[in-house]
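**Student:** Residue strings, one per chain:
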Amino acid sequence: MGKRIFSILILTSFLLVSCVDSHRSMKEVVFVMDTIVTLDVRDHANEKLLKKMTDRLMEIDSLMSFSKEESDIYQVNHAKGESVLVDSSTYYVVKKAVEYTQMSGGCFDPSIGRLVALWGIGSDDEHVPSIKEIEEVVETIGLDKISLSEPNSISLMDGTMIDVGAIAKGFAADEMIRIAKEAGVESAIFNLGGNISVLGSKGSDSFRIGIRNPFSESDEYFGIVEVTDTSVVTSGNYERYFIDESGVKYHHILDPFSGYPADNELSGVTVICSSSIKADAFSTALYVMGLEKGLAFIEQMDDMEAIFVTNSRDVYLSTGLQTSFLLCDDSFRIPE
Amino acid sequence: MNMMKRGDYILIIFLLLFAGVLFLHNMNNIQEKGTMVEIRFADEDPIYVSIDQNTTLDLSHGDLVNILCIEDEKVYMLESNCRDQLCVRRGEISLEGESIVCLPHRISIVILGTDKGDIDALSQ
Amino acid sequence: MPSANNIQRFTRLSLFVTMALVLSYMERFLPILPAFPGIKLGLANIITFIVLIMYSWKDAFFVLIARVTLLSFFSASGISFLYSMSGGLMSLMAMTFALKYLGNTFSLIGISVIGAFMHNTAQMLVLAAVLRSFFIPLSYYPILVLSAVLTGILTGYIVANLHRHLEKLGQS
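In the order they appear, the protein sequences are chains A, B and C.
Just so you know, the first sequence maps onto residues 1 to 336 in this note's numbering.
Just so you know, the second sequence maps onto residues 337 to 460 in this note's numbering.
Just so you know, the third sequence maps onto residues 461 to 632 in this note's numbering.
Rather than coming from a laboratory, the hints here were simulated on the basis of the structure.
Each residue gets a CB set at the ideal place from its N, CA and C atoms; glycine is no exception.
A couple of the hints might just be wrong.
As the list claims (entries may be wrong) - Per label pair, the in silico range of CB-to-CB distance: (1) C:L490 to A:E28: 42 to 50 Å; (2) C:T529 to B:D379: 23 to 31 Å; (3) A:Q102 to B:M363: 52 to 60 Å.
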């Protein structure tokens, strides 16, 4: 790669084509929203722009964190049924979450806050809850427990909690794209803990995004998608999980209906969609749906594409991806 | 022969060195057996095919006929109805960086390696 | 009324165009190197160059345009026309410039090499534009530069000798 750039450099200098400062690129790595965020602005970059972006990330984190007491979401979750006035960004995210819950038939649902807290996967307190506990908490899940009223008021039924942690990252990615576009940036790539959003392309080439091998302990990938102006989000059972004394693995993608980690043939689902918040919600929703229902669902959506990986290393692609997906690991296969 | 001037020799040596440097630099990319075949038609997005499958690809667009074969990790243009037939006469390619071009039909085929560091980001 | 001069010029140019066409056409029957598609001797450039030396760049320009255009009628697609034309024009420009300002530094052979180099460089750029990629053109480029040196020396040598004989003929 570097060699190719080097040779193009020789060529351009040879042809006396000069560069202008709008080509200035900058890269920044920050730890925010409990994850590592890489901002790579490939043109029109400056300190002010990068500062604006990181400030916005912190702001979104402080509005939508599940655990921070000053956050909008914490306030809403602890209002005991009272209506809470929230920031317009929080309202937008919750409204979108409700919309995606309806679209996905409840497979993605933000009102699983108490279920997430009960399992505590990824926290110090991860454990398998009792059947009774789970049954009780599943009762608190459902769209009918959330009411939104314009402008910017949210109230929950007492006992229900919402968790928008997953899609807040997608929202943040969309915001990064918006801010970059407003500053005249033509090419950028943002990585919010594995949620990738790209703006424009790399000169004449597309961005190449690796899709994580769900069976590998390290950052290996089994395939590559070539994309421009879109977002690539993957949900998998390898991200956060724990294994109990009897050797059973419990991962973090919880099924809102059963109250247990979604248990089907899938190891990972990747969604490609120009809206990152949508890609975020549906990578979870499709995982919960399972392979058959998920594939049928994605084929009906014309603004989203998806990659499904099963436990037996079979890779299923939605029709729009057939030409832009590149399998590069022999141990996986694409069934006919 | 006394026709040539000193400037000529300098120019020729300079150009030969220039070609040599570029060639050596390109050689770094060529050598290893490739794993992927990138096929481009005009401005369309490229198509990728693994080199280890034996297959025949029909790249024809309308009246422009091109048949590409991938066989025993070698790639060659079996048939083309282009004027110059350079793509067919190019013969077999198999190494990373080698290419077949059918200029009249605006088709180009390049063999790629799988450089593991070749992605811009990992979605996980 | 066309002057005798004009008629003479027109006849002369037609003759050169014909010779260039014949050389271009003949070249197709020479064996090609399959590993290096697109590498040609460029014999027709002999004519362009000799016209440039003995007459003017305008005449050479006319011969070049006429040759490439006519040749495209009985062969080749739009792209190879673009390919030949860009190479020819770039080469002519470079040689005109070199002949005028660098005549003391380079002999006809050197100037021919400059022309061939610019010819192949222009073709590489057209290839890059057509394929929307620098990768393939760049991997060909060293070979193109090498072949430009060799064919440039060859055509330069032929032109220099031709020129010498023609001058002698003119004097006697």
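**Student:** Where does the structure disagree with the numbered hints, that is, which hint numbers, in rising order?
**Tutor:** Hint 1 alone not satisfied by this model.
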